[in-house]
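The task is simple: from the sequences and hints, build the whole structure.
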Amino acid sequence: MDMQKPWQELEDQVTHCKETIKGLEGDIRQIRDKALLPELQKKLKDAEAALPEIESKRDQHTQYYELEMERKSAHLTHDGIAEAQKLAGVGSFYVDENMDIPHLLEQSLRAHAVYTRDKDYIVMDVPDRMSGRTEPTIVIVDTNTGRPMIGRQWSDGLHQAVECKEGVPIKPETQTVASVTVQNFFKMYKSLSGMTGTADTEAQEFHDIYSLDVVSIPTNKPIARADHDDLMFLRQKDKWEAIVDEIKEFHDAGRPILVGTTSVEKSEMISQMLTRKHHIEHSVLNAKQHEREANVVEDAGQIGAVMIATNMAGRGTDIKLGRFTREQFVEHLLRRGLASKGLTPDMSDEQLRENVYRKIAPSVLKSEGISKRDAESMSFDELELALLRHWAGEYTWLSPKGIEAASREELVQELDKNGRCLMHRLRWFDNIEDMGGLHVIGTERHESRRIDNQLRGRSGRQGDNGSSRFFVSLEDDLMKMFAGETTMKLLSRLGMKEGDAIEHPWLSKNVERAQKKVEERNFQQRKSILDYDEVMEHQRQRFYGLRQRVLEGQQVKDLIFEYIEDVVDDAIAEYLDSDFAAICAAEYAREKLDCSILPERLKGKDADQMEMTIRKLAKEDIAANITVTLGEYIPVDGSEFLMEFDSAGLHNWAKNRFGVELDTGDLREAGPGVRRQVQEQLEAAAFEKIDNTELDEIPLFADPNYGAERLSKWVKTKFTFDVSPEDIVHANRDDQLEVRDLIIDKARDLYTSREAEFPVEFIMQTTIANAQRDPNAAFEGLARWARNRAGIEVTVDEIKTTPPPKMRARLIEAMREQVKRDNLSEQVNAALATGSDDELDEYLKSQFDEGITERMRYLDEDDREDAIRARVETLARPELVQFEQMVLIETLDQSWKDHLYAMDQLRDSIGFRAIAQTDPKIEYKREGQRMFKSMMKELRQRVTDIIFKARIAPPRPQQPMQRPPQQRPAAPQQQRPQQRPQGAPTGNIMGSSIMGPGMSFGPARAAT
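Going by this note's numbering, the sequence shown opens with residue 244, and the numbers climb by one from there.
These are computed hints drawn from the structure, not numbers from a lab. Be aware that one or more of the hints could be misleading.
What the hints assert, rightly or not - Computed list of lysine-lysine pairs in DSSO-like fashion (alpha-carbon distance at most 30 Å, straight line):
| id | residue 1 | residue 2 |
| --- | --- | --- |
| 1 | K491 | K609 |
| 2 | K464 | K563 |
| 3 | K1176 | K800 |
| 4 | K1168 | K760 |
| 5 | K584 | K491 |
| 6 | K959 | K261 |
These figures come from a predicted structure and were not determined experimentally.
Here it is in structure tokens:
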């Protein structure tokens, strides 16, 4: 940014000069005093002569980046990229591991040049969630409400770039664990309805997105608020001065005022202007003081109160209009210096006006030449008429002649119509509502009419009096984007100059048209987001439907075997594919020689031919890479871009990449042929390295049974059982055999064996652990488990005298008999045969000591059967069901988080597909579907990796708390009744954790 500063300063001068020329051309067209024409023409000629000179000076400097403020984006130019590469000293940004650098650079540019403190974000102390200590933090400000969004972060490293800019602790990037658009969230409800005071402007969107009609209901009481036309200025500085003056006028009259701003920065700026120019007490409510919102809003309706607020403007909280006495009104007038000390509460309305008018006349009528003595000597009627004429000239659109000819009543009516002057109606008021109510000032139009209506709606509640006015300048963001140029030309033709203000219904309608354009654009953006989210919505439904099935325990074992069959099919398709060996050879070449080779060029070759081809293609690839990268350091003859010869960068790159020492002095003296010379030197070093690299694994890829051997190793690693390569080759060649059946049959046999062994291992470990604390209770629990689950009678004495390995073998044998008899199917059928919930509950308690859940009593008939099956299976084989649930849920959640992150990255980059003349939305849906399939494939791989290797470790028994030593004998305690010894639980096994190679899952969670 510092390097672009000279160019940016001159660019600002060019812009200012062009604006000056436009303004002078308009002044010349609409000039009223012809005597000023020569002076204006001379200024125009000087400005037109200065413009080429300023542009010439600007072009002598380099533009390193471009900004698009309306899109919140920044882009490096070609010169900017070249300079950044030179400073970084890493060669080209667009090869190998440097590909992420341009993205990070642009995020840093956005943080420094586009995002502004106290507008887009604030720095505030926020307690850390883990430690509780407060530390300075970047807090994003909601552009619609002005409220701080604590905990929210920008994505793609932008938030970290802003933290680095402000020098606050840098937090790691947050991970999205679940996402849904607002539209799709509301579409999940069967019926929708709502009520708001500002939905009419969004009726089209409600209809298009939610198929809802918007009905306008008449208000309880007629609206008495006076909504005045917008007051428009050419320049922002004139607008802010007029706003401050209007605040003073209404504050002097005692009316409470609400000033709505669009950012923290602007609210603080107007606060400083108000204090500096008029010394008016006021309160500021923005993202920095959001905790004080209730207290500030509570006092906002009192006499003379001024509240400056960002767009939240106390929404959702009515500003209650206060009451006051005559004494308080007198105190307010005296404090503002508007009345003499002789003013008393018992005076009449006319005496009040006379006292105030004679006090303010010398300062108000100073331009008319009326002094303090003149004001005191004039009759009250003459003084009042002079003040009315002055106010009419300042606040109305009457001509000087019209003002002179108008009577007192006509002047009062014109001032009433305009609404900017209040002192002409001064009298004793009963309360704020009688005075005119709350006055709302909008410092600029928001992009949405709805937000403006919400601000206006703070005034005139329930039929109360009130008023509102918006101040607009052609330099406001909204006007610059959609109405600036056209409106500027029109106002120039009307003769409007800097400092002038204009008020007309046409201008307000023009602003509303600009707002409609923004609303339409924003609606299209939201609709586009909804279109993009369509693919995610389908994926969410599939994913969460699968997750809910696992949580409810519905046919989890069948799901496991679906995954096993799928991964086996995928492995067979991969390893037994005719191109598999060539693909592996190409990947091997990439790892050893850092080159990219197409597998098709290696297919069908023997070992010698394959090695020769790999070395040849590797040399071609590295030569092309050298050619591309040299272009970043050495200029190409005839190139349209000018760049310096970066000899230092070239030296570092050649040394780090190829181990070649280049003499920078010789390079500079070598002349035009230096590029070819360097290229040959680097290619020679690279080729030598390729020739000397050992490729001893090439013969493996030439073996015709290479795929079968790899498949055999995969089965052993994945499922822990053996399938020989010979069997795989035989089954692959025999039409009567299937390699798939060969593997899956063994997997089923292994899982059946696990059905018998897994529960026994768990109960044995639980018993050994519990026996350390209470042996008798532990052994009784094991005996009860053997009776209920294994179907055999084992006494406590037998358990005590039998070695654990023998007891384990006996229980496993009994469990194998149970599995062979398929008791689970019998129990499920018996449960389904029950007629009512009470009968089902009684049956389950008789079999498993646990009944149905409360939720099962309210299920539909269609869901009841699946719930019964899941409940019986959970109670009949709790250890394996919970193990399967834990493995699936942990794997599902992690895979889904990774998928959401990948989809976010895809969404941010998919727009570039338009360069290739393809529709980004269609490409996003196609690519998103492919990524979801890839995620599900990876999910199946993870689950099957774990399911045959991991086990559940029982919860460690809690140690009894040690009683602290007592100084004196303890009082005898009442003996508690002995609790029934508990064995292994038959339901969910809370507190357990998964153990196994590479497993780090936490405590088990109950199925819900």
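Hint-by-hint comparison with the structure:
Of the supplied pair hints, the one linking K491 and K609 holds, its CA atoms being roughly 18 Å apart against a limit of 30 Å. Simply put, K464 and K563 have alpha-carbon atoms about 17 Å apart, close enough for the 30 Å limit, and the pair holds. Simply put, K1176 and K800 have alpha-carbon atoms about 22 Å apart, close enough for the 30 Å limit, and the pair holds. Restraint check: the Cα-Cα separation between K1168 and K760 comes to about 29 Å, which is no more than 30 Å; the hinted pair holds.
Straight-line distance between C-alpha atoms of K584 and K491 comes to about 21 Å, which keeps the hinted pair within the 30 Å bound. For a cut-off of 30 Å, the pair hint linking K959 to K261 is broken: about 77 Å separates their Cα positions.
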